[in-house]
Amino acid sequence: MLTLLEQLDKGVLWQSPGGIHPPQFKTLSNQSAIARLPLAKRFVVPVPLVGEQATLTVSVGDTVLKGQVLTEGSGFTYLPVHAPTSGKIVAIEQHATNHPSSLPTLSCIIESDGQDTWCELTTSNLAQLSKAEILGKIKQAGIAGMGGAAFPSHVKLNPASEIDLVIINGIECEPYITSDDRLMRDHSDEIIAGVAIIHHLLSPQRIIIAIEDNKPEAAHAMKAAISRSSLPQDMVRVTVIPTKYPSGGEKQLIQIITGKEVPSGAIPAQLGIVVHNVGTAYAIQDAIYHGKPLIERVVTLTGEHIGHPGNYWIPIGTTVADTLQSVSFTTSIDQKVIVGGPMMGYALADLDVPILKGTNCLLVPSPNEIAPDVDEKACIRCGECAVACPALLLPQQLFWHSKAQEYDKAASFNLKDCIECGCCSYVCPSDIPLVEYYRVAKSALKTAAEEKRQAEQAKIRFEARLKRLEDEKNAREAKAKEAAAKRQANMKASDKDAVAAAMARIAAKKAQTESHVNSEEASSSVAPTAADPKKAAVNAAIERAKAKKAAQANTSSVPVATNNAEDDKKAMIAAAVARAKAKKAAQETNATSPQESEPTTVTAIDDKQARVAAAVAKAKAKKAAQETSTTSSQESEPTTVTAIDDKQARVALAVAKAKAKKAAQEASTTSPQESEPTTVTAIDDKQARVALAVAKAKAKKASQEASTTSPQESEPTTVTAIDDKQARVALTVAKAKAKKAALQHVTQQDDAGLASPIADTATLNELHILPTENKLAEQPADCSDQKPGADLSPEQIKKAKVAAAIAKAKAKKLAQNAEQEEQ
Amino acid sequence: MTSIFIAVAVLTLLALVFGVILGFASKKFKVEGNPVVDQVEALLPQTQCGQCGYPGCRPYAEAIANGDHINKCPPGGTATMEKIAELMGVDEEPLNAQAQSAVKKVAYIREDECIGCTKCIQACPVDAILGAGKLMHTVIAKDCTGCDLCVEPCPVDCIDMIPVETTIQNWDWKLNTIPVKVIHSEQEETAC
Amino acid sequence: MAFKIASSPHVSTNLHTNTVMKRVALCLIPGLAVQSYYFGFGTLIQLVLAVSIAYCAEAAVMKLRHKNIKATLADNSALVTAALLAVAIPPLAPWWLIVIGTLFAIVIVKQLYGGLGNNVFNPAMAAYVLLLISFPVQMTSWVAPQTLALHQADVLSSLQSIFELNAPYLAEHFRLGIDGTTMATPLDTLKTDLSMGLTTTESMSKPIFSGMAAEGWFWVNMAYLAGGVIMLKLKVIRWHISGAIIASLFVCASFGFLISPDTFVSPIMHLFSGGTMLAAFFIATDPVTAATSPRGRLIFGAMIGVLIYVIRTFGGYPDAVAFAVLLANMCAPFIDYYIRPRSYGHRTGN
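Residue numbers (the numbering used here), protein chains in the order written: chain Y, 1 to 823; chain E, 1 to 192; chain V, 1 to 350.
Here chain Y stands alone, though its shape is the one from the complex (with noise of 0.2 Å):
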């Protein structure tokens, strides 16, 4: 019994199954040597990995160098896009790719400027270099499998386990292709320098080259160049074995060389074996040697179709329609494009689309060379597809299962084994798409996977969806339930307070307008650290949270919170520890004694965190005044607001607006009120509207209170406003406030000499299309006979339209309500 390495070594070949022996037609196109066609003047390189794996390195614009690298990315099988020839990126935009659904993907648009200048190329030398390295140059360079699959090289020249044999496949079994033919025949040596560099990575036991015997030329160039070479001779062989299709397949050429079949769902790696392409190793060593990236391979172009059939140097990126121009094609009543051969190639819908790593061919045949095809026919079972099959499958109990759509059982049948090499549909006496029906009942299975591996997901997180809210119900039943006991145990406490709360709400404003001056010296005092907008809204977020806590326990003096900050983290759980404690202070009706918050410490340092912070805390500060229903009157903060964003700034005024209307609606008492003219100290329109805007709040507020019927005046407030975003920001803050506070205190005094301006004016945007901000800040003006005027955006104005369009929305809702509530 001869050892595999024995058998090996004596060309001892094994029977693959199946298989078929289609007409050859190599010699259109294996005459000449590999030539070169004039450059074309647009390339399409797609970049498919970016967005998932890789972002772009270059823009719109950018000049670039002939193998400039066009992506950067990470991870295992990622692959850098090179620039095919020099020139600049006109576009990078959705194109049809080389595949057969003709699906756009995005792809970098390259304009040529002739020059094909290289980028520098790093040359070096393999003793120098150690494998990681090698690896890395593989990887570089961007080099796939020449084969057609496209699988990047440098994965498979890494395997996980102990490579004993390399096969270098130099098969090309399909009918028309030649272009490993010629590449072997006329650059032997490169070939050999690659198929070294390999032996240096991986040191198998042998490597063969395998090549049909339908190119004894190639064989013979083969055989010479490693006599050539300094590679050990009895390690490398070449072994011609018998022309038939599909022994070039990975798997069948395994077993035709060793006899040992790769287990289903499985890689040859892991029986020691790895199968690289000719073409792969000469762009192994071009990498290495001289550093090119792979930015052109050997197309073959052939077909009766085609003027000047042969193989063809062809940078990847060239699109079709050029490089079938440049060989001067014709065609004929329903030609087809055939990218790779007739077995197994895909028929172009596009001839836009770019030449890639793994397009070996073009065909471009007669109707003379490939038939029109016919309708397909029933089948007969006459069974030679089972005998052409190289996978054994039972083709035609495929076919019966993948029409009548049961894909499960196409499955069981082993479906995921075929190869799709299209021998059953070649032998078919039927003219059934046999493959095609295999490939749409493989999608489909895939696609089934999928979705149920979604379904499982959505399950999942259903579940836990359903516990979260479980666990959330029972903590709100048992903070009810401490809550209720509480309140009955201050029960008369409270009531005794009512006079008492009055006193101290009053006192607890003036004390707030104090406050808020203090805050704005402690701001400006900080103002190197918090010059940054967005420090400050985190400022303002804390500030705020904490004003409210203050006035819901009903302080008559507010500590001054320094913001100084040093991280955002800290700056977050102050904010949170803040809110907690606001909330609990708002439950805590009976503790009337001034509390002490903790001087915080505040900066922001991502703007970011610091905002969404500022957020959070925002709401949290608004539902903790809402849950505090036996402290009656409620104290808007005189605030310094930032905003976070203009958007959200937008949606606010429009929330605002909508409430404003409501509040309008629900005022069920007549007796208007004047609003006091107001004092504002503007430095410009902006400040202006915000500080008008704090001083209507104000107003309103006042109007608000319950107890107190006699007018209030609004004491002048000194705003500054960071900047116009704020400032709007402050305004719709301060009307939301308002509007609250209106929904709270219904049967007081009517607020709608004060809100339903601002409802027509939201209105009025709605209707009218308005270019400037003047009429939009006409809501101040009307009630408080300023007119600031200040510019606003196109798309300012349109956001403010969505948003007046949303709060009339709302408004109509509210009144809805209502009127419900009137009844």
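Rather than coming from a laboratory, the hints here were simulated on the basis of the structure.
Backbone N, C-alpha and C define an ideal beta-carbon position, used for all residues, glycine too.
Be a bit skeptical, because a hint or two may be false.
Think about it this way: if two alpha-carbon atoms lie no more than 25 Å apart in a straight line, the pair counts; the simulated DMTMM-like pairs of lysine to aspartate or glutamate are [claimed, not checked]:
hint : chain 1 : residue 1 : chain 2 : residue 2
1    : E       : Lys-104   : Y       : Glu-451
2    : V       : Lys-22    : Y       : Glu-376
3    : Y       : Lys-452   : E       : Glu-165
4    : E       : Lys-142   : E       : Glu-111
5    : Y       : Lys-137   : Y       : Glu-52
6    : E       : Lys-142   : Y       : Glu-52
7    : V       : Lys-67    : Y       : Asp-431
8    : E       : Lys-83    : E       : Asp-148
9    : Y       : Lys-452   : E       : Asp-172
10   : V       : Lys-235   : Y       : Glu-376
11   : Y       : Lys-377   : E       : Asp-172
12   : Y       : Lys-403   : Y       : Asp-431
13   : Y       : Lys-10    : Y       : Asp-213
14   : Y       : Lys-486   : Y       : Asp-471
15   : E       : Lys-174   : Y       : Asp-431
16   : E       : Lys-134   : Y       : Glu-472
17   : Y       : Lys-442   : E       : Asp-143
18   : Y       : Lys-223   : Y       : Asp-213
19   : E       : Lys-72    : Y       : Glu-456
20   : V       : Lys-22    : Y       : Asp-373
21   : Y       : Lys-452   : E       : Asp-127
22   : Y       : Lys-813   : E       : Asp-157
23   : E       : Lys-72    : Y       : Glu-450
24   : Y       : Lys-473   : Y       : Glu-463
25   : Y       : Lys-452   : Y       : Glu-52
26   : Y       : Lys-442   : Y       : Glu-456
27   : V       : Lys-235   : Y       : Asp-375
28   : Y       : Lys-813   : E       : Glu-113
29   : Y       : Lys-452   : E       : Glu-62
30   : Y       : Lys-377   : Y       : Asp-334
31   : V       : Lys-22    : Y       : Asp-431
32   : Y       : Lys-452   : E       : Glu-86
33   : Y       : Lys-416   : Y       : Glu-456
34   : E       : Lys-174   : Y       : Asp-408
35   : E       : Lys-134   : E       : Glu-111
Far from chain V, some chain Y residues (derived; all Cβ distances over 12 Å) [said to hold, decoys possible]:
hint : residue
36   : Leu-4
37   : Glu-6
38   : Leu-13
39   : Gln-31
40   : Leu-37
Put chains E and V on the given structure of chain Y with help from the hints.
Same frame as chain Y, now just chains E and V:
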């Protein structure tokens, strides 16, 4: 007389023996829980959309196991209904809702219009919507089951159900649906 | 110029269904010729009748099913079915027999099951069995071989006989041998003789037998064998079914013959009489109703061989080809289900 007695005795004995065997078998081969529910649930699409009138897929599976109609699952469509019919050994029924398009859809929030009301977040059965109050929300497309439940609560109608885009990865090899582009060869151009 | 998209592969062999069917029909010619030589023109007349009825019936059904009539007729499957039925029934059987048979084969056995590719039973054999059971007298009235017959059947008398024009007993007329007695088929003769207590040797000494096998029938079978070999050469059929039928029949017959030569018929007799070769190469190899995998086909063929032997030897009918084929047809789906080849990369077939 004795023969009658013997016959009765023998029959009684047999009944006893088989009774014991049956009793033993019922203990020995006892089926835990109700696997039918699990099987039905495995067939349901897990969109948790509630269109069947039950709060989620599991309750509906239980209802089917208890004899409810099998045609109440629009997201599963006819295919799911047929599978359940096969499993339950009942006749196939036409779907009670209008057949939905087979195209899988996911929710998409027009972020410019979102007002951050969190209503859709509360509606989503699989927590596939991200956002906080007053902040723009967005849908995690890969977790969205396309159940439609978030569309209704949205006060500003900013949620669209958009079909999942076909990419090279999920293309289904339906060749005859590819639009073929018309181009001209050099020869033709000169001829024209 | 619009570009055509189609799934790979873009090439295919020229061996299409219609070609296959045409070749099967053509390979029947040697057998048909020899059969006509020995049994008169009746077979040819039956053939013409059967083919025309078959095409008409198929066209009518296609029209009713709103299918493409031309495409269906072009696959030549009706031609093969009709031809097989025509050569299987007695040459001078009355015309309505072949009409009923062909209509049954095409309309009920083939088209009602979904047309070509979907029928469970071999149409020709199902029709043959129908006729055999319904009209046993007509179906067993084989004419005597021309070499032994008292009256030679020419074209005119054959026509008269088939269409029952003036002599209802004309068919009986041609069954008379030289000795003036009605001649049965060789297998029928053997069966009758064995049941009457004669040994096979005694029976085989009758004039209808010539040496090892039956007069005429031997050469008819040889001709079908020749046609079968041509089909093998043309790769119209694969060897598995035919080989298995012949081998299993031969083994069974040899076994019986070795045990008791007097009561069991010789293997040569079994192989070269009745419809053995016709069944082995033309009937059982109908791919639609046979098993599909090579191993399954060996089992399918062996089963037919054994059934032929068992029914011929122990059953009530002298020949058993049709029954054996139908029974095997029934088993084909099961064979296919259980005989699955081991797929590539799967250690044990599942």
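Hints and how they fare:
The hinted pair formed by Lys-104(E) and Glu-451(Y) meets the criterion: a straight-line CA distance of about 10 Å does not exceed 25 Å. For a cut-off of 25 Å, the pair hint linking Lys-22(V) to Glu-376(Y) stands: about 19 Å separates their Cα positions. Proximity of Lys-452(Y) to Glu-165(E) is assessed by CA-CA distance (about 19 Å); at most 25 Å being required, the pair is judged to hold. A C-alpha spacing of about 18 Å is found between Lys-142(E) and Glu-111(E), which places the hinted pair at or below 25 Å, so the restraint holds.
A distance of roughly 22 Å separates the Cα atoms of Lys-137(Y) and Glu-52(Y); the hinted pair therefore holds under the 25 Å criterion. Between Lys-142(E) and Glu-52(Y) the CA atoms are separated by roughly 14 Å; this keeps the pair inside 25 Å, and the hint holds. Distance hint between Lys-67(V) and Asp-431(Y) is fulfilled; the C-alpha atoms sit about 18 Å from each other, no more than 25 Å. Taking the CA atoms of Lys-83(E) and Asp-148(E), the gap is about 24 Å. The hint holds against a cut of 25 Å.
The straight-line distance between the Cα atoms of Lys-452(Y) and Asp-172(E) is roughly 17 Å, inside the 25 Å bound, and the hint therefore holds. Between Lys-235(V) and Glu-376(Y) the CA atoms are separated by roughly 22 Å; this keeps the pair inside 25 Å, and the hint holds. With a C-alpha separation of about 23 Å, the suggested pair Lys-377(Y) and Asp-172(E) falls inside the 25 Å cut-off, and the hint holds. A hinted pair counts as satisfied when its Cα atoms are at most 25 Å apart, and Lys-403(Y) with Asp-431(Y) qualifies at roughly 15 Å.
Proximity of Lys-10(Y) to Asp-213(Y) is assessed by CA-CA distance (about 17 Å); at most 25 Å being required, the pair is judged to hold. With a CA separation close to 23 Å, the supplied pair Lys-486(Y) and Asp-471(Y) stays within the 25 Å bound. Distance check on the hinted pair: Lys-174(E) and Asp-431(Y) sit about 18 Å apart at the alpha-carbon level, within 25 Å; holds. In summary, the hint linking Lys-134(E) to Glu-472(Y) is supported, as the alpha carbons are separated by about 21 Å, within the 25 Å threshold.
The suggested pairing of Lys-442(Y) with Asp-143(E) holds, with an alpha-carbon distance near 24 Å, which does not exceed 25 Å. This hinted pair checks out: Lys-223(Y) and Asp-213(Y) have alpha carbons roughly 14 Å apart, not beyond 25 Å. Restraint check for Lys-72(E) and Glu-456(Y): satisfied, since their Cα atoms lie roughly 20 Å apart, inside the 25 Å limit. A distance of roughly 22 Å separates the Cα atoms of Lys-22(V) and Asp-373(Y); the hinted pair therefore holds under the 25 Å criterion.
Only pairs whose Cα atoms come within 25 Å are accepted, and Lys-452(Y) paired with Asp-127(E) is accepted, the gap being roughly 18 Å. Distance hint between Lys-813(Y) and Asp-157(E) is fulfilled; the C-alpha atoms sit about 15 Å from each other, no more than 25 Å. Annotation: proposed proximity of Lys-72(E) to Glu-450(Y) holds, straight-line Cα distance about 23 Å (limit 25 Å). As the CA atoms of Lys-473(Y) and Glu-463(Y) are separated by approximately 15 Å, the hinted pair is consistent with the 25 Å bound.
A threshold of 25 Å between alpha carbons decides the hint, and for Lys-452(Y) with Glu-52(Y) the separation of about 23 Å falls inside it, so the pair holds. A hinted pair counts as satisfied when its Cα atoms are at most 25 Å apart, and Lys-442(Y) with Glu-456(Y) qualifies at roughly 21 Å. At most 25 Å may separate the alpha-carbon atoms for a hinted pair to count; Lys-235(V) and Asp-375(Y) meet this at roughly 23 Å. With a C-alpha separation of about 19 Å, the suggested pair Lys-813(Y) and Glu-113(E) falls inside the 25 Å cut-off, and the hint holds.
Annotation: proposed proximity of Lys-452(Y) to Glu-62(E) holds, straight-line Cα distance about 20 Å (limit 25 Å). Between Lys-377(Y) and Asp-334(Y) the alpha-carbon distance is near 21 Å, which keeps this suggested pair within the 25 Å criterion. Our distance criterion of 25 Å between C-alpha atoms is met by Lys-22(V) and Asp-431(Y), whose separation comes to about 17 Å. Restraint check: the Cα-Cα separation between Lys-452(Y) and Glu-86(E) comes to about 19 Å, which is no more than 25 Å; the hinted pair holds.
For the suggested pair Lys-416(Y) and Glu-456(Y), the alpha carbons sit about 23 Å apart, so the restraint of at most 25 Å is met. Pair hint Lys-174(E) plus Asp-408(Y) holds up; C-alpha atoms about 19 Å apart against a cutoff of 25 Å. Among the hinted pairs, Lys-134(E) with Glu-111(E) is consistent with the structure: their alpha-carbon atoms are about 12 Å apart, no more than 25 Å. Distance check on Leu-4(Y): its Cβ is at least 18 Å (rounded) from any Cβ of chain V, clearing the 12 Å threshold; non-interface status holds.
With a cut of 12 Å on Cβ distances, Glu-6(Y) stays outside the contact zone with chain V, its closest approach being about 25 Å. Every beta carbon of chain V lies more than 12 Å from that of Leu-13(Y), the smallest distance being close to 17 Å; the non-interface claim holds. Every beta carbon of chain V lies more than 12 Å from that of Gln-31(Y), the smallest distance being close to 22 Å; the non-interface claim holds. No Cβ of chain V comes within 12 Å of the Cβ of Leu-37(Y); the nearest lies about 21 Å off, and the non-interface call holds.
Hint compliance for this structure: no hint is broken.
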